[in-house]
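**Q** The lines below spell out each chain.
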Amino acid sequence: MTIEPPTYHLLHAQSKPNTIHPNAGLRRRETMIGLLFLSPWLLGFVLLKLLPIIYTLGYSFTNFSMMNPNGTAFIGLENYIRFVTDLTAWTKLFGSLGYFLTTVPLQLLVALGLAAMLSSHRVRLKPVWRLVIFVPSIIPAAAIYSVWLGFVNPSSGWLDRLILTPLGMPPLAQGNGGVPLLATVMALWSIGPGFLIMYGAMLGVPNDLYEAARIDGAGPLMRFLNITVPIISPAIFFSLVINLMGAFGGSMLLDRGYTFSEGSSISPMTGYINQIMFLQSDMGYASALAWVMFGVTMTITIILFRWAQRWVYFPEGNRNEIS
Amino acid sequence: MKFLKRRQNLGESVLTFRLWRFTGSAILNLFIFILLTAYLAPLSYMFATSLKSPEQVSAGVMAPLYPATYLTYAYQDVKYSVMEVPTANGVQQWALVNKYRTYSEFVDPQNPDGGLIHWNGNWRTLKKVYVFSLAFEAFKQWQQANLPLGLLNTLIVITITEIGVLATSIAVAYGFSRFRIPGGRWLFFLLIATILIPDSITMVPTYITYANILHVWLPQQSYLDFSFPVPWNWLPLIAPHFFSSALFVFLLRQNFLSIPRDLDEAAMLDGAGPLRILIQIIMPQSIPVITTVAMLHFFYIWNEFRISSLYLGTNMDLWLLAPRLQRGGTMSFNLSPEPGIQAGALVLMIVPVLVLLVLQRFFMTDMVVTGLEK
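Chains as they are written, first to last, in the numbering used here: chain A, 9 to 331; chain B, 460 to 833.
Some hints could be false.
Listed next, the stretches of chain B that the computed footprint assigns to chain A, with coverage defined by at least 3 CB atoms under 8 Å from CB atoms of chain A [to be verified]:
1) 495-508
2) 636-647
3) 651-663
4) 708-715
If the Cβ cut is set under 7 Å, some of the chain B residues that face chain A in the computed set are [unchecked claim]:
5) P571
6) L575
7) H577
8) W578
9) A804
10) P811
Away from chain A, derived, C-beta distances all over 12 Å, residues of chain B [unchecked claim]:
11) I486
12) P523
13) V537
14) T546
15) N548
16) G573
17) N581
18) A626
19) P699
20) S704
21) A705
22) I746
23) N762
24) E797
25) G799
26) Q801
Treat the hints as calculated values from the structure; they're not laboratory data. Glycine included, every Cβ here is placed at the ideal spot set by N, Cα and C.
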């Protein structure tokens, strides 16, 4: 039984927001202290996120170019009209969406499955397996590309020489045949942090809950779905957010050393934007594309967060809020 | 299982039951072993390639998959490579002396006094004879890359940003977990949403801002100026970490929420202020999660490449370790950069793996992110 602090009663006692309550000052003090603690993030949000986003919106209506910054002029919606008719941009955008739709569920399910398997008391050598699953998450991107090329390279790749040719199967097709494989390897080799966090959460589930369910006749799957998943749901949510970061082409939790050039980003749209920005120096059009990308990712984010509110369980019993 | 349990209850065959359990565990462990071996299989490519010579990599399909070097044979003081030559008497290993379009002349290393052997056929179709041999050329890029300076740079940046990111993230997480702020949940939603904003959208204005700041403050900068805490060119690398990291805030907040409020309420009644509660009550109970956050940040900076490549450009003196190892690999080999890239990646991974091995118990698994209160 917890003892409610004095402020709690007073805060709940306030019913109407506009009436001056005798203890409104106390509440305002709590808010002010809280905001003081939040201030590093609030300042960073304005300086590093909000202002740049607004600036980018401004650039997207101009023909701003790094080559000729003095010739910048307002050109209205021209950049957006160019986007609508730019077939490459649409291809890249759908490529990004496809990448997102395939890798995010794959990563989440594989990490969750591995965590469930490794949290069994029957498994030996757990520290080794944990390390094995995490280590690929810190391999630099350049090395992974090189590994991927070495595997899928037609005729001289390891896949052909070790598996396909000995089995008498036709060799890999020339060209981009290996891209889905690269995406899969990249995705699966990034599950480390998400896996560890879900695994840790699973170890924290009290054993008596499982015992009680077992007595009630619940099988392993029922116990997993009805006890494990709800309790570790914040960890699942966190893992989902990490996977989304990677899929949207933002900064990753663990920097793999992507550079800003075309083809260096796993998300095709991000690669395309980088190409226009750095190779063609067309900041105006790049900004417009970035805003399109921003709109798409934020829409997906809002949909996913609304969905998450239904199944992510947070302490304090308030299920209506995302916090 | 039910069947077995019933039998166990009858006391008939405890042994059968144990055997069943043992087999089940063995199968599970074997399955995990196979699964994770497959998961790490591509790593073998990294090791193999890093130990190959550039000549072997560019030889492609004509060279074996393992690190190897081709055999040579000195005939009359000139070295010739040994080839696998198909003849009427089976495949012979002969040294190729004279190359012609339709025929070639070989010498048999077993019998050099036998003179040149005439062989009809195109020598280009023949494979060289390879023997297992490790090439450490790729690991010798240390000299060009000046790794000690890179390590020093990395450690300086890690130390500074670690302090910044930990202090601010803990403070923000505390603010979110213990104070009632009007609209607090929307602010938290905003915090999570900012994680997912693509980098491309903030890149141009941020780049221009930093360029202006650096230009105004340092019209003529010296690249190795350690007089002020850090060279100002590292500003873009360091500054963002002093505004807390949204992901870390999420992790820390979740953990703070699972700490019962009883203790901080008791301390509050004793007259402790919010900062004191944070430092003396919340933080000691959150050591696993704080360790985890510190390590995640360490790994992040250790591999940092994006910001460096954007802002440090050719100021080689300021480069951190990761770009040195990666770029070093591509610069020092004309034939094929692959061994260099893989060797750099492997060297770069040594420290994080060691850190993980030592601190494994504290890393992520002791930090429990659940919806339960402790």
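**Q** Measuring Cβ to Cβ, find out whether P523 of chain B lies farther than 12 Å from everything in chain A.
**A** P523 of chain B not clear of chain A: closest Cβ-Cβ about 9 Å, inside 12 Å.
**Q** Against chain A, does G799 of chain B hold up as non-interface, every C-beta pair farther apart than 12 Å?
**A** violated, 10 Å
**Q** Just double-check G573 of chain B for me: nearest Cβ-Cβ distance to chain A has to come out over 12 Å.
**A** holds, 36 Å
**Q** Is it correct that the beta-carbon of P699 of chain B has no partner in chain A closer than or equal to 12 Å?
**A** violated, 6 Å
**Q** So Q801 of chain B supposedly isn't at the interface. Is its beta-carbon more than 12 Å from every beta-carbon in chain A?
**A** violated, 6 Å
**Q** Regarding the assertion that E797 of chain B does not contact chain A, is the least Cβ-Cβ distance greater than 12 Å?
**A** violated, 5 Å
**Q** Is the shortest C-beta separation between H577 of chain B and chain A less than 7 Å?
**A** violated, 32 Å
**Q** Over 12 Å from every CB of chain A: does S704 of chain B meet that, or does the non-interface label fail?
**A** violated, 9 Å
**Q** Tell me if chain A covers the region 708-715 of chain B under the three-residue, 8 Å CB rule, please?
**A** holds (count 4)
**Q** Holds or violated: the region 636-647 of chain B covered by chain A, criterion of 3 or more residues with Cβ-Cβ distance under 8 Å?
**A** Per the Cβ count (9), the hint holds.
**Q** With 12 Å as the threshold, tell me whether T546 of chain B passes as away from chain A on beta-carbon distances.
**A** Per Cβ check, T546 of chain B is outside 12 Å of chain A; nearest 25 Å; holds.
**Q** Taking beta carbons only, do three or more residues of the region 495-508 of chain B come closer than 8 Å to chain A?
**A** holds (count 8)
Hints 5, 6, 7, 8, 11, 12, 18, 19, 20, 21, 23, 24, 25, 26 from the list above are not met by this structure, while the remaining hints are.
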